[in-house]
Amino acid sequence: MKRQEIFTRVSSIFREVLEDDSLNINEKEGADDIDDWDSLTHIMLIVETEKEFKIKFISSEISNWNNIGDMITAIEDKL
Amino acid sequence: MKDYKEILKNIKKYKNNDFKDIELSLLSDSSTQYLVKFLKALALENEFNMKLWDAPIDQVEQQIFNKKSEFHKNNHTLIIIFESTHSLLRKYNLSNDKINFSDIQFSRIQSYLNELSSLNKDVIFFNFYEINDYVFGNFSSLKKNSFIFQLRKLNFLLSDHLRKLDQFKILDVSSIQNRIGSNNFSDSALYINYEMVFNINGNYEVSKKLINLILSKKASFKKCIIIDLDNTTWGGIVGDDGIDKIQIGDLGIGKAFKEFQQWIKKLKERGIIICVCSKNNEDVAKEVFLKHPQMILKMDDIAVFMANWDSKVNNIRKIQKTLNIGFDSMVFLDDNNFERNIVKDNIPEISVPDLPKDPSNYLNFLYNENFFEINNYSDSTSDRTKFYKTESERIKYKELSSDLTDYMTKIEMKSQLSSLNSFNIPRVSELSQRSNQFNLRTIRYSESDLLKIMKSENYFTFVFELDDRFGSHGIVSFVILKCISNEEVFIENWAMSCRVLERSFENYIINKISEFLKQKKYKIFLGEYIESKKNKLVENLYTKLSFSKLENNKYSIYLDEFIKLQTYITSK
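Residue numbers (this note's numbering), protein chains in the order written: chain A, 84 to 162; chain B, 349 to 920.
For the record, the hints were derived by calculation from the structure and aren't laboratory data.
Careful: at least some of the hints might be erroneous.
[Stated by the list, open to error] Straight-line Cα separation of at most 20 Å, PhoX-like style, residue types lysine-lysine; simulated pairs: (1) B/Lys882 to B/Lys666; (2) A/Lys134 to B/Lys353; (3) B/Lys902 to B/Lys871; (4) A/Lys134 to B/Lys606; (5) B/Lys593 to B/Lys556; (6) B/Lys882 to A/Lys137; (7) B/Lys646 to B/Lys616; (8) B/Lys666 to B/Lys603; (9) B/Lys512 to B/Lys800.
[To be verified] Taking beta-carbon pairs under 8 Å as the criterion, some of the chain B residues facing chain A (in silico): (10) Lys350; (11) Lys353; (12) Tyr542.
The beta-carbon is built from N, C-alpha and C at its ideal position, and this holds for glycine as well.
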């Protein structure tokens with residue numbers, strides 16, 4: 084799967100979980116840059132991403148992400 | 349049921365609402381943000397606004413025992429306590445006395461629950477979901493010092509203790525885990541990283557059951573279930589297939605219908621009224637109940653039997669008239685989508701669940717719907733079946749004695765009077781919630797309301813039981829009297845079960861109370877009738893009981909002038 088496709092699917096997960104249809108994310112953004120991305124929605128973002136790509140993240144990966152780009156790299160590694 | 353993402357949308361959707369508030373406190377030793385989020389969203393779904401104080405993590409005992417804590421400042425009446433099994437396991441790992449672990453934990457928990465009890469709190473306590481550490485391999489459940497043995501024992505100790513205390517309820521988390529499976533219930537990564545002991549789905553499932561318990565006080569109770577017959581109560585169509593071809597019993601899909609009927613039967617034993625509403629020829633439908641050897645439900649189990657070719661809407665309306673209970677206390681089960689929709693459209697108050705297509709899934713679906721929530725399980729409700737049986741004997745007896753006075757004397761009615769006490773409070777609360785017709789001011793008392801009244805000096809309380817030669821009716825009436833001055837008392841509420849109408853019981857009750865008040869040197873006895881949708885029956889009750897009518901539906905008696913009313917009931 085191309086990085087671009089992963090990014091598109093991740094974007095739609097963000098829109099759904101954060102309940103904002105007009106949300107446009109980019110790879111450089113982290114939790115501080117996006118409204119409503121807090122520790123609670125973070126968990127749901129992970130759970131929904133795992134479901135979408137049928138993968139499971141390792142605890143240490145999750146805590147090392149600094150931005151959406153890191154998250155997409157982690158998904159890419161698992162596919 | 350909606351999925352959790354859809355439910356969570358409520359939080360934005362109902363940002364500005366004018367729903368009623370529910371206030372409560374949650375104490376837990378694990379992370380509860382998701383639980384709280386779901387609870388709030390589910391409360392909104394039920395048109396309530398939840399104001400929840402989520403205590404800082406792992407301060408259950410501190411908050412309760414420290415009188416200056418925020419918990420005491422908030423002073424909410426409803427308290428939810430959630431101790432996680434993950435923390436319990438940590439305590440077990442440190443324990444030097446693993447054989448007595450559950451007893452030690454039980455007394456620890458008991459001590460703060462007692463404290464809450466003395467503060468008159470309503471408490472919902474989560475029991476422990478299971479974790480098996482398999483230290484003893486497959487023998488773990490046989491080893492007394494294993495964690496799983498101690499955990500199950502602790503759950504049992506808690507159930508056995510709390511079942512005797514009216515203000516406590518258990519949220520059976522262990523059953524939820526059992527139903528959805530551990531893998532759908534928790535996720536060790538979420539636990540390790542966020543101290544979240546349930547995963548999102550687990551949090552959602554727990555919240556759904558919890559909201560049921562929380563709202564059970566406010567919701568209308570289901571009293572009656574109406575079942576369709578063909579493909580709902582048995583497989584096949586009896587009119588087409590014939591009695592010997594319908595599916596019910598131990599073979600194939602028949603098993604699903606047998607277990608469905610067993611469930612209905614258990615509801616009936618709990619006091620739920622069972623009715624039939626089916627498009628069938630009456631004799632053909634009844635024949636199955638009378639003759640089919642595999643049928644669990646019998647004609648005796650059915651209160652109203654409607655099998656004809658009239659519309660189900662009309663038949664359900666007739667059932668409602670016969671039973672004289674509200675549509676909102678009824679559930680209608682039918683496999684046919686078309687019939688369900690007609691009923692839903694015409695009688696919006698009635699609950700009509702969309703049964704799954706495959707009958708094998710009926711029961712699991714109905715378990716999840718959890719229609720028959722109760723405020724508290726009071727033993728007298730379960731005796732209702734027995735009661736209905738003796739009631740039919742009573743009716744026969746009534747036909748035999750031509751003279752009513754003769755009948756009344758013959759059945760030897762005896763009444764026992766007591767004040768409110770911790771044993772009768774659950775039943776009195778139930779009576780106040782369920783009686784609609786003989787309920788003079790329709791005040792609904794929760795158990796904690798009654799506890800306050802019991803402890804107050806401004807009230808006299810009278811709880812009446814009735815027995816006759818056919819059996820005991822249990823507690824059937826109560827009167828709550830409020831002292832207004834040294835001379836005047838006022839009937840704050842009086843409710844009576846309709847099962848004991850027309851037995852001169854109301855006369856007996858007024859005689860007893862007047863006698864009591866005279867001894868206490870009261871002069872004026874006041875009552876009031878507040879009209880509700882359902883209590884027309886007692887509109888003129890006070891006049892019949894020789895009270896004089898004042899204005900605004902208020903009534904009074906001068907106790908000095910009171911002459912005893914005729915009654916067939918004697919004191920026990």
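Distance restraint between lysine 646 of chain B and lysine 616 of chain B, which requires alpha-carbon spacing of 20 Å or less
holds (12 Å)
Are the Cα positions of lysine 134 of chain A and lysine 606 of chain B separated by 20 Å at most?
With Cα atoms ~38 Å apart, lysine 134 of chain A and lysine 606 of chain B exceed 20 Å; violated.
When you check the alpha-carbon spacing of lysine 882 of chain B and lysine 137 of chain A, does it fall within 20 Å?
violated (56 Å)
Are lysine 593 of chain B and lysine 556 of chain B close enough, with their CA atoms no more than 20 Å apart?
violated (40 Å)
With the threshold set at 20 Å, check whether the alpha-carbon distance from lysine 666 of chain B to lysine 603 of chain B stays at or below it.
Violated - the C-alpha atoms of lysine 603 of chain B and lysine 666 of chain B are around 32 Å apart, more than 20 Å.
Minimum beta-carbon distance criterion (8 Å), lysine 353 of chain B to chain A
This interface hint holds because 7 Å falls under the 8 Å limit.
Let's test the interface hint: is any C-beta of chain A closer than 8 Å to that of tyrosine 542 of chain B?
Since chain A brings a Cβ to about 6 Å from tyrosine 542 of chain B, closer than 8 Å, the hint holds.
Do the alpha carbons of lysine 512 of chain B and lysine 800 of chain B lie within 20 Å of each other, as the hint requires?
Roughly 19 Å separates the two Cα atoms, so the pair holds.
Can the restraint linking lysine 134 of chain A and lysine 353 of chain B be considered satisfied, given a maximum Cα separation of 20 Å?
holds (14 Å)
How about lysine 350 of chain B: closest beta carbon in chain A under 8 Å, or not?
violated (15 Å)
Do the alpha carbons of lysine 902 of chain B and lysine 871 of chain B lie within 20 Å of each other, as the hint requires?
holds (16 Å)
Quick one, are lysine 882 of chain B and lysine 666 of chain B close enough, alpha carbons at most 20 Å?
Between lysine 882 of chain B and lysine 666 of chain B the Cα gap is close to 17 Å, so the pair holds against 20 Å.
In this structure, the hints that do not hold are numbers 4, 5, 6, 8 and 10, in rising order.
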